[in-house]
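Engineer: Sequences listed follow chains E and R, in order.
In terms of the working numbering, the first sequence opens at residue 34 and continues consecutively.
In terms of the working numbering, the second sequence opens at residue -12 and continues consecutively.
Don't take each hint at face value.
Stated by the list, open to error - Capping the alpha-carbon separation at 25 Å, the derived lysine-lysine pairs in PhoX-like fashion look like this:
no.	chain 1	residue 1	chain 2	residue 2
1	E	160	E	379
2	E	56	R	65
3	R	114	E	56
4	R	65	E	160
Keep in mind the hints are simulated off the structure, nothing from the lab.
Residue strings, one per chain:
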Amino acid sequence: MAVIRPSGDFDRNYNQDMALIRKPWQWVLLLLSIGAVATSPYWAPPYVYIKANQIGYTLIAVQGLNILTGFTGQISMGQSAFMLAGGYISALIVTYLNLSFFIALPLAALGAGLVGLIFGIPSLRVKGFYLAMATLAAQFIIPWFTLHMFPEYLGGQNGIISAPVPVIGSYEFNEPARFIHITLFVLILTTIAAVNISRSRMGRAFVAIRDNDLAAELLGVNLFGYKLRAFFIAAVYAGLAGALRAHSSWQIGSEMGYDLSESIIFLGMLVVGGLGTNLGPFLGTSLIILMEDFSNIVGTKVSAVMLTGMTERVLTSFRPIFFGLILMLFLIFEPRGLAYRWQLFKASWRLRPFSH
Amino acid sequence: MAETSTQLSFENVFLSFGGTLALTDVSFKVIKGEILAIIGPNGAGKTSLLNCVNHFYSPDRGGIIFKENDLTKIPPHKIAKLGIARTFQNLALYSGLSTLDNLMAARHIHMKSNMIQSIIYWGMGQKEDIEHRRVVEEIISFLEIEHIRKAIVGALPHGLRKRVELGRALAMEPDVLLLDEPMTGMNVEEKEDMARFILDIHEIRKTTIMLIEHDMGLVMDIADRVVVLDFGSKIAEGTPEEIRKNPIVIQAYLGEEHI
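Go ahead and model the full structure; you've got the sequences and the hints to work with.
Structural biologist: Encoded structure:
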């Protein structure tokens, strides 16, 4: 689908053609929406900024997965394990080395990235379904490691219960209302990075590998090198997400939702939002996370009318049921995800009223 | 031909798949700046030969010498960098990218920005993209595909895709261009266009071209020399006139009744 521009919007040089934000009103809109999220603790109910914080760090992990799976076409089932690694590294650095969280964060990202690099090595030989199986190893090995090794440091089953709160001077980021600013800042950086990757030399190499790895190699792309880069970047994103999650919820541990189902939900978010688009992770992550709350509301309503006395069980089963249903509907009716729908919507609006 | 230096030389290439010989003792030289056509019946080993040049297949024995390198010992992505580009028999485009990005992706070997510069994309990364965009735009206008510049290639008709693929190979600015049946599935008009492009590339860019094609009339028209393969062996080599008269070729390829 060719890109359809609003009428009267022309480019005079390649810089303009490559620009992402073309009009002053787009800048205004962008800054307004960032401002709205940043100031949400001052005007919105707690639910809004607590959810925004959760969506924020999940989004970072999904963005990373998008670079690996969406752009490079390497299916990974280990994203939440890399989050776990990042969260642990950051919590350990802050706790035992007494470094600031803001130093620990990039170190955690780098550490998770190196772990990701190791688990990306099988991509040299295997692809598709088999690679998914190989990355599954990360999802078993990393949580097993944190569960059973060095319990005096990693906390075994309980994990680290008091991941230190980030501090600048005497200002403590000790509640979501404050922590959201860190999340938002990191999210802006990761978004800029993701967009830049997708439109630069490296991003084109990634997509080349996804669309036709044989041609990519014969046309000069070092397959293994670029697959590893994709694994590294995805794990760096997961590391950032994990560190943010650990320090905003003050805890990190293998029993706290870093399991395989979490990794699969990340993949689901990606499919729902749109694989290989920069908008996709935003839409998919938001939709799935809000859907979880929606399923709780529906579950409560349902258990009030029928299945009384089983509220707890209804609630826990509705989340996966809703997730599975949404994923299935998307796979059947819009496998290209919400981002593609948005493209179509924009295009049809621009063609209006001459749709032929 | 002004100079007759060797560009690419095949030296006793043997290739087998699980005991079946695909190429047997194939030796010939590709002269700098010529259009060399490789013809032969289906399964004669034409595409296998090109795949050996790219080191997608590893020959059992023999060597393929290009710029003093034995291509059979170099990984595929480095061969591309040495200056060998190709198109594929069954299209192998990056179907999710636009025409422009397909060509830009082929500039990969000429670009230098690394991971960090790609991520920051401020200064170096962007400047390099614009520089290479100029080269790519030239190729786009040369191949007359301006109107599909931003179209996703997966949605293009076959003839145009073939042209985009040629453009992608050109964007690598190769010394040797390998074209594997560039005109399959095209109508006469599209074939003529493609032939014109190939001749222009040859004329303007002085690129050495190795061409596999089944359309005999076309091969005889545009090729400087022809190599004939049959059952994995070279059975003839020469100018189109010589090949046309060669009885072995006529028997193997064109059929008995042509004699």
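Engineer: Please write out, lowest number first, the hints stated earlier that are contradicted by the structure.
Structural biologist: 1, 2
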